[in-house]
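Asker: Here's the letter readout for the chains.
2 protein chains.
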Amino acid sequence: MELLYMKIAVDAMGGDYAPEETVLGAIDAVQTDDIEVVLVGDETRLRALLKEYGAAQQSRISIVHASEVIEMHEHPAQAIRKKKDASILVATRLVKEGRCDAVVAPGSTGAAVSAALLGLGRIKGIERPCIATPLPSKKGITVLLDSGANANSKPKHLLEGAIMGAHYAKYILGIADPLVGLLNIGEEASKGNDLCQRTYPLLEHLKTISFYGNVEGRDIPNGTVDVVVCDGFVGNVILKFGEGMALFIIKLVKDAIRHGGWLAKLGALAVYPALKSLKKRLDFTEYGGAPLLGVNGSFIICHGSSKAKAIKNAIRIASEFVEKDVVGHIRKSIEEEQVEQYNEQ
Amino acid sequence: MELLYMKIAVDAMGGDYAPEETVLGAIDAVQTDDIEVVLVGDETRLRALLKEYGAAQQSRISIVHASEVIEMHEHPAQAIRKKKDASILVATRLVKEGRCDAVVAPGSTGAAVSAALLGLGRIKGIERPCIATPLPSKKGITVLLDSGANANSKPKHLLEGAIMGAHYAKYILGIADPLVGLLNIGEEASKGNDLCQRTYPLLEHLKTISFYGNVEGRDIPNGTVDVVVCDGFVGNVILKFGEGMALFIIKLVKDAIRHGGWLAKLGALAVYPALKSLKKRLDFTEYGGAPLLGVNGSFIICHGSSKAKAIKNAIRIASEFVEKDVVGHIRKSIEEEQVEQYNEQ
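Sequence lines, in order, name chains X and V.
Note that my numbering has the first sequence beginning at 28, numbered continuously upward.
Note that my numbering has the second sequence beginning at 28, numbered continuously upward.
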């Protein structure tokens with residue numbers, strides 16, 4: 028009798044280090060966890076790589092051919108329309124058709140979002156799926172969403188994000204009753220831009236979610252709340268600013284040590300490993316990718332620069348999404364909260 | 028014959044550590060630079076403090092009495108209307124009346140902005156004055172604006188910000204031909220939210236300013252451009268997120284050293300001074316405050332938590348603003364660029 032494992036479709040051709048690193052990540056994943064991986068992409072190349080890495084006989088990795096790839100620089104929506112056999116579209120179709128349980132998508136975020144919307148569609152009641160990114164904080168992890176799926180958000184989109192982010196925090200990060208904050212530039216309900224002022228009362232009326240109120244930029248690293256909701260423009264700027272800041276500060280520390288005299292140089296021997304672990308903690312890809320929430324299926328987006336370890340972590344998160352039925356819980360909560368009443372907001 | 032020094036009006040009652048630290052900062056400033064300081068606030072208290080700090084005879088510090096103070100927690104616009112004799116209003120009036128050359132305003136940013144708008148008015152052609160904050164970057168300093176004066180910006184407001192930020196970078200930071208970037212979530216002109224898409228063509232047509240194009244969050248610490256323009260909501264979120272991140276990362280480095288074994292502890296002896304200088308570099312107040320650009324006068328806003336050194340630096344920046352006639356240069360450029368043609372945008 029054949030055991031039935033969960034099947035994760037990986038766009039093996041997506042990202043700066045594909046397909047080598049995606050294949051290595053997949054091999055690592057099936058060796059660690061009880062799952063199957065379907066690599067989607069150029070069959071000849073993928074088969075050769077599996078052989079090269081000694082995994083040609085690995086029964087829990089299979090290949091589904093896709094003849095095209097969407098490159099990082101391409102216009103997402105145009106490329107999705109033009110390249111019908113793109114690996115990201117084929118991978119998404121596998122989930123749509125029930126042949127796989129989840130998608131792992133490294134590479135162009137825009138193409139991934141377009142493929143998911145087109146291939147899986149939105150959960151009933153959701154207008155704008157959004158990307159939830161786990162960021163390191165003093166207390167562990169703060170989930171930031173939307174971190175880049177939508178450039179122009181309306182109050183209802185932030186309401187959807189609040190509900191979806193809370194479920195991600197609950198089921199994937201294991202926080203029993205996640206606190207959700209609205210990113211703003213002041214604490215009082217009356218503060219901020221039009222979007223925030225109109226979103227606040229909507230969040231206040233949520234029945235299934237614990238709304239904390241407004242939070243400010245510093246509350247993200249401070250871990251004041253578990254989930255921070257903002258529009259996709261602000262979220263994406265923060266994400267990229269945070270990455271840049273982390274690298275800049277680590278460089279400053281290294282420079283300070285380098286120019287700090289002989290004692291500092293001696294100290295550096297001890298501090299470098301600490302810096303390395305710090306860099307890892309600040310490396311947003313370490314958490315295994317960011318889920319696209321609000322589509323009809325489990326869909327994990329990875330950084331374009333993902334290497335094997337990030338791919339492996341994303342595959343694990345994808346399987347947890349399926350196991351915990353995050354999509355099902357979101358669907359239920361969206362119905363309970365009757366979010367459709369806010370459609371005009 | 029009496030020498031005529033530049034006169035800086037300092038709201039001596041503003042901020043968490045007022046009036047002690049504002050008085051100490053003023054004493055330090057007149058001892059270092061050829062300027063006069065007018066302390067505005069509770070005369071009895073200020074006189075007692077000057078005496079206590081051995082500066083009762085300091086001829087280049089004078090006091091102008093103000094009977095009220097606007098506290099950090101007060102609603103700015105309401106407080107400004109109610110407290111006619113607030114120190115920030117009296118200080119601003121001194122500049123309006125030509126009795127002082129510039130204002131240094133620690134304390135509530137909202138109250139400072141309201142006082143400046145009310146007391147000095149806007150430069151002809153400017154709709155929205157904005158706050159320019161110098162941030163540390165790999166290449167020195169990146170100016171971010173608007174960092175919090177306006178919650179809802181229009182394309183024309185960002186255009187104004189681009190022109191004003193460039194003049195700040197040129198005359199105060201000494202960058203001959205500053206590069207100005209538009210903060211966005213992608214590089215192409217077509218990327219981003221509605222505000223960015225409508226602002227880009229306006230910036231492209233600037234004659235007196237070098238427009239680089241779109242930049243992303245990571246370009247702020249990377250120093251890709253000298254001036255980064257964004258709306259006040261995004262700018263303020265970034266500013267506070269950056270402050271929080273810096274403190275968080277320094278904490279992580281310290282923790283890593285603390286738990287890193289005996290060699291790390293030895294190394295810490297050498298690294299702590301480096302960390303301290305790093306913290307200083309990342310301390311946004313060290314740069315001496317953020318100018319409010321676009322009002323009819325030199326107006327420097329300081330962090331509410333400013334101590335003597337930050338006050339002293341702000342006084343110096345204020346005097347440079349006057350000396351270099353930044354307001355005059357902005358006025359001229361706003362006229363040359365005929366920004367009024369964009370009034371509906």
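One should not assume that every hint holds.
The list cannot tell twin chains apart, which means a pair is met if one copy fits it or any two copies do.
What the hints assert, rightly or not - Mimicking SDA-like on lysine to any residue, the simulated pairs with C-alpha atoms at most 25 Å apart in a straight line are:
id, residue 1, residue 2
1, K165, K307
2, K218, P103
3, K307, L77
4, K197, T71
5, K111, A82
6, K110, I168
7, K336, E124
8, K334, N249
9, K181, W289
10, K109, K218
11, K292, R149
12, K218, N179
13, K111, I90
14, K334, R155
15, K278, Y369
16, K359, G250
Please keep in mind that the hints were generated in silico from the structure rather than gathered at the bench.
Asker: Could you run down the list of hints and mark each one as holding or not?
Answerer: We went through each hint and held it up to the structure:
1. For the identical chains of this complex, K165 and K307 are neighbours both inside a copy (15 Å) and across copies (21 Å), given an alpha-carbon limit of 25 Å.
2. Proximity of K218 to P103 under the C-alpha cut-off of 25 Å is restricted to the inter-copy arrangement: shortest distance 12 Å between copies versus 36 Å within a copy.
3. Taking CA atoms no more than 25 Å apart as the test, K307 paired with L77 passes in neither setting, with 28 Å inside one copy and 51 Å between copies.
4. In the homo-oligomer, the alpha carbons of K197 and T71 never lie at most 25 Å apart, since the shortest distance is 41 Å inside one protomer and 57 Å across protomers.
5. With identical chains, the CA atoms of K111 and A82 are never at most 25 Å apart, being 29 Å at best within one copy and 79 Å at best between copies.
6. Proximity of K110 to I168 under the C-alpha cut-off of 25 Å is found in neither arrangement, the shortest distances being 37 Å within a copy and 43 Å between copies.
7. Taking identical chains as interchangeable, the C-alpha atoms of K336 and E124 are never at most 25 Å apart, the minima being 28 Å within one chain and 65 Å between chains.
8. Taking the shortest alpha-carbon separations for K334 and N249, only the inter-copy value of 23 Å comes in at or below 25 Å, while the best intra-copy value is 29 Å.
9. In this homomeric assembly, K181 and W289 never come within 25 Å of each other (Cα to Cα): the closest approach is 56 Å inside a single copy and 53 Å across copies.
10. Taking the shortest alpha-carbon separations for K109 and K218, only the inter-copy value of 20 Å comes in at or below 25 Å, while the best intra-copy value is 45 Å.
11. In this homomeric assembly, K292 and R149 never come within 25 Å of each other (Cα to Cα): the closest approach is 55 Å inside a single copy and 53 Å across copies.
12. Taking the closest pair of Cα atoms, K218 and N179 come within 25 Å of each other both inside a single copy (20 Å) and across two copies (11 Å).
13. When the C-alpha separation of K111 and I90 is checked against a cutoff of 25 Å, the pair qualifies only within one copy, where the shortest distance is 18 Å, while the shortest distance between copies is 75 Å.
14. For a Cα distance limit of 25 Å, the shortest separation of K334 from R155 qualifies neither inside one copy, at 29 Å, nor across copies, at 46 Å.
15. Taking the shortest Cα distances, K278 and Y369 never come within 25 Å of each other, neither inside one copy (47 Å) nor across copies (42 Å).
16. Proximity of K359 to G250 under the C-alpha cut-off of 25 Å is found in neither arrangement, the shortest distances being 28 Å within a copy and 46 Å between copies.
Hints 3, 4, 5, 6, 7, 9, 11, 14, 15, 16 from the earlier list are contradicted by this structure; the remaining hints agree with it.
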